[in-house]
Amino acid sequence: MTPTLQLFLVISAALFSIGLLAVLSRRHAIFILIGIEMMLAAANLNFIAFWRFSPQSQTPTGVMIAIFSIAIAAAEAAVGLALVIAVYRHYRTTNVDHLNQLKG
Amino acid sequence: MSSAAVVIIAILTLPAALAAATLQKLMHATLSFAVAVVGVAAFFFLLGAEFVGLVLVFVYIGAVAVLIVFTILLTRRDVGKDRAANWGGAFLAVAVFGGLTWAILKTQSVAVVAPHIRAVTVKRIGEALMTNYVWPLQCVGLLLTAALIGALVLVMEEKR
Amino acid sequence: MINQSIDGFLHPNVSKSVDQIFVYAKLWLLTWLTAAPGWVIQIASSLINIFALLGVFLTLFALMSVLERKILGRIQNRYGPNRVGPFGLLQPVADGIKMLIKEDIVPARADKLLHFLAPILIAAAAILALGVIPYGRNMTPFTIDGGILFFFAVGSTTELAVFMAGWGSNNKFSMLGAMRAIAQMISYELPLIITVLPVVMVVGSLTPDRIVAAQAGYTFGFVPRWFVFTPWGATAFILFFVSGLVESNRTPFDVPEGESEIVAGHMTEYSGFKYATFFMAEYIGMFAITGLAATLFLGGWHSPVSVLEFIPSYIWFFAKLSALLFVYIWLRGTLPRTRVDQIMNFAWKFMLPMSFTCVIAAAVWHYAGRGLRGWLWSLLVIAIVYTALSMLLDTQRKFAPRVYRFAE
Amino acid sequence: MSRWIIDHLWLIPAVPFAASLVILSLPNGRHKSAAVLAVAGQIAALVMSFLAFLPTLQIPGFRAVQNFTWFTFGDHALRLGWLLDPLAVVMLMMITLVGLCIFVFSTGYMAGDKNFVRFFAYLSFFSGAMLGLVISNSLLLLFICWELVGLASYLLIGFWIERPSAAAAAKKAFLTTRIGDLGFFLGLLWLYGGSGTVLFYDGGNGCLENAGLAMLGASATFIALLIFCGAVGKSGQFPLHVWLPDAMEGPTPVSALIHAATMVAAGVFLVARVYPVFSLGAINGITSSLTVVVWIGVTTALMAALMAIAQADIKRILAYSTVSQLGLMMVSLGVGGVAAGIMHLLAHGFFKALLFLGAGSVIHGCHGEQDIRKMGGLRRLMPITFLTYAIGMMALSGVPLFFSGGWTKEEILHVTAHWPASHWPYYFLLIGVVLTALYMTRQIIYVFFGDRRAAAQHAHESPRVMTMPLIALAICAILFCIVLTPAWPWLHDYLTGTAARVELVRLIQPTLFLSLVLVGAGFALGIWMYRKAGVQDRQRPADTDPLEFAQPQLFRFLENKMWIDELYARTIIAFSWMSARLSDWMDRHFWDRLVRGFGAIGQLLGIFTTSVDERGINAGVDETAVGTRALGRLMSVAHSGQIQTYLSVIAIGALALLLFYAWLA
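Protein chains in written order, with the numbering used here: chain A, 78 to 181; chain B, 215 to 374; chain C, 881 to 1288; chain D, 36 to 700.
Some chain D residues near chain A, calculated using beta-carbon distances under 7 Å: (1) Gly676; (2) Ile678; (3) Leu682; (4) Ser683.
Since the hints were derived computationally from the structure, they do not count as laboratory data.
Quantities reported herein were computed from a predicted structural model and do not represent experimental measurements.
Note that the Cβ used here is the ideal one computed from N, Cα and C, for glycine as well.
In isolation and in its complexed conformation, chain A is listed as follows (with noise of 0.2 Å):
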């Protein structure tokens, strides 16, 4: 039997809610930054996943979307981890729960 729009789709969800559990419940930065890729990693196959189903048009719209979608996945990974180092220099730790300096 061939599988299902659903199936992917679930699949993406399942994906999406790991990475929501990797941000919302570790602490250290770097997680939560694997978290977000693996959330964006999700909507790409939903993306992905929804154009295959989808009646097709003449230009593959969900590639190309997944496509600069990961291009910006990859930069806002590298300013991400930049960011991760620049604030393990100032307060030598990645830990979030110690950089609350906003607290209001």
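Following the hints, complete the assembly by docking chains B, C and D onto the known chain A.
Structure of chains B, C and D alone, referenced to chain A:
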């Protein structure tokens, strides 16, 4: 494209992702993240977007994973001290998953099978990139440059 | 998939010749399970490809290891290994046995998992990369659209593996070696990929088969249409070759495992069969890079002279491969090891601009009509940039003999 | 090749322009590169002018026109264009040749000036504008270039801006020429209104071709006179000649190039260019406009020659002679000898540039001294300068046979003599010839003969870079007469567009002897008067001019330029001064009051609103601010600074939204 393949890949991918989210050692987490990315790429292959899959592997394993690893190295002193995970977050994540799944299964419009399509070749993607998506392409290029410079500036040793 | 691979680029008058012998052997093997469902055939054919690849390249690796030692011996004016077997040709077997029966030592404080996974991952990456190279007419193990990208995507995994090795074995030398290795690999991955761009641009495809097909034929009947015979092609080839040297950590760029500085780089803590695996991975990576170089610039399996076309294509391919490999060994026997800062400067200040210039030159070549005019124009472009760079970089200062500050 | 240059005629002015732009962008110290650039641009222009010269030789009366549309308003297009015909070509050759010599000369003369670079930028700029003026095929384009050369001359006269006299002279030149240009512009507009086009030649319906002229009709006279105003201003004719002598404040090469050879000749060129408008409806060669031209020219020639006698500044003498020569040309144009006038213009370009450069060399040698009474006996010290200067002087005073000036001047006398309207111009010109010889003799004697006086003690010959141009120009001044002689009037026929033929008989003419006699008389008179110049003679002190001794008040009258400047100062300038005063008074006492009144009203309003603010609005605002602060303190509690808290909140929100939509569906 058969459900079996999908399920197999899912079985490979999701645990890896879970490990990436939960493992104590950052290094292991990163590597399992890489594995998860490979799984996602496999999904892309399965869905007929080979190019995107390759790009995903290329970018995430070749660049992002290595970057993360470097960061781990540079912030080493902080690694390993494990802290109590916050269970609220975990619960929330589970809740989101439940909600999403419920919503997906509830909507019948997505319970469709894939139509037969002609393979999206690199040539087609290239043409699309150079015609309809040329401005987005330029913008992304600009963005990447900006990110590069910004990252450099951020990690530059501030002189004092 | 097999049929598709057959009638892909089938040459009319060689279809029955010795040239296609392996293809037909594979077909014959597959005829046994015509009854089986499609996916079985697919898996079977893939397995056949895999085994063929492993067989060929592991043999080549064994041969290479001994030949390298012998050639180095010749260069350094001594006998190489000459005890085991005729001319010491069985030396690799002896080595293999030794490696197998050696004790496998894992440091106590090491991260066992990573320490164990690293060699496997690195070897896997290297072997995967071999899969997309066309070894002869209709002899591409895996014809996927965008094979070149696949090659690099897989190749980029190596860095992670190296890091795993360095980190996992929890040893400062390993860590340093891994750092050096990753640093130079990343730095040289850019020139490596960007020098491939012109070829991809000119051919208009990422598929190795098409790239090889695009280099068929001869101008004026005797000069083969290989890209290495165009100015941009030649430049790109040289850049690619050097980057390949760095990627496979060979002299003069073998700082990551420079014995005299850090014991053996990221392989310091490895022994026995894991070490052998690293060793093998390095060599196979070398084969992959050289094979890709031959495919991209040296016309793949095409014969250099039209009269010699009767010689089977795969023989030509392996001839080119071994020629390049010989150059590797030759360089190793000839050149001293460079310094890290020199490597980095070279990568970012020379290789990268030059490889971008190759792209531009290729574009010029194309728009000037791919003829003599294009040839001269692209030559002009490259010459200008080269001279400008060599003026800017002021090489006298950069590569001056080292000043030892602490040697009072 | 010839085809190419006809299509790319615009390159000739463009190259010096480009050169000047590049030079302007140079830093101040780069003397060498500036000079090289300027000279190179000039050489390029010379070569291209020569290329343009070749095709015009093939057919007599050759004319190539290349028009283009500048812009279109509504359905009407304003078109400009380039024109290549003998008149333009000879001007091109003369300008570029003389210009090159002067450029080279200036590299020596201006060496050590701190604004060297700027100087060459201006010079190239001028050359470009002048070349453009010569080849423009549209009165508007010509006018534009005309103003550009005006600007260049303004900049260059005031080049030594730190000298107040230079600044004043620059201003004077600019304003005086403006007066003329106003007339010119009006004429231009009138012409445009009349004939509907400003193109000279446009395939049959240009404004100088029968179609256009027919449209002008009777108004042609006024248009011609208005355009002539511009010519009067530019080439220093009688009412507006006052600026030219003062323009000598500029560096000598500038005087040579702009105020002797090229720019001031532009007026003559202009008249020659639009000659059809002047001569429209002429009855045997006489129209009212041409008559005006003649008499203006005569007046100028005679007056300037008289003034030149009493001047002491070496450059001023030359300036006045320039003015008188220009008058001569105007006369010749007026009486219908266009070719003769242009020929004299060219010849004059060469020898006057030569004279000025010679003067420059003298001044250079005497360390900046310009008063001829302080010089003397320089012929031993600066032989080359002396010889070339003598050649120039001979040419200027019109010694026949060997010097170009002689032939052209005879030609002019010849045509003037046959002017049907009146014979007086002829007689006046004869006097003018004598006077010319006289003042040139005076100058030569003062500068080069006699014993060395104050400034001449430490004089020295100039460097080769300055003498070489002198020699070149001298050779030009002599060889030029080959194409001028009546025996083979090549240039004349080239300009009039007929084929030249050789007739040695025509070499001997009555005017030849006449001018011989006249020039001889002039020399003799000069030598007799000034043989003792600058030395103690009878009871005359050494530093007084012999003429001054003989005829004090006459001399003073001439020395002060017939008090024309003073006249202007009393009348025109005084009037404008008065009007300025008047308007100033109006400003102070009337308009100011008004403005102040409005200000007062504004202030009153302001006071009112302030009170309203302080009483009413402020209180309410304060209350609001207090409330806001309290609210903010309340909300800031939510900002725990924990990213993950925020993220969780977002997640909860997203979840809620999702569930809501799912429930809706």
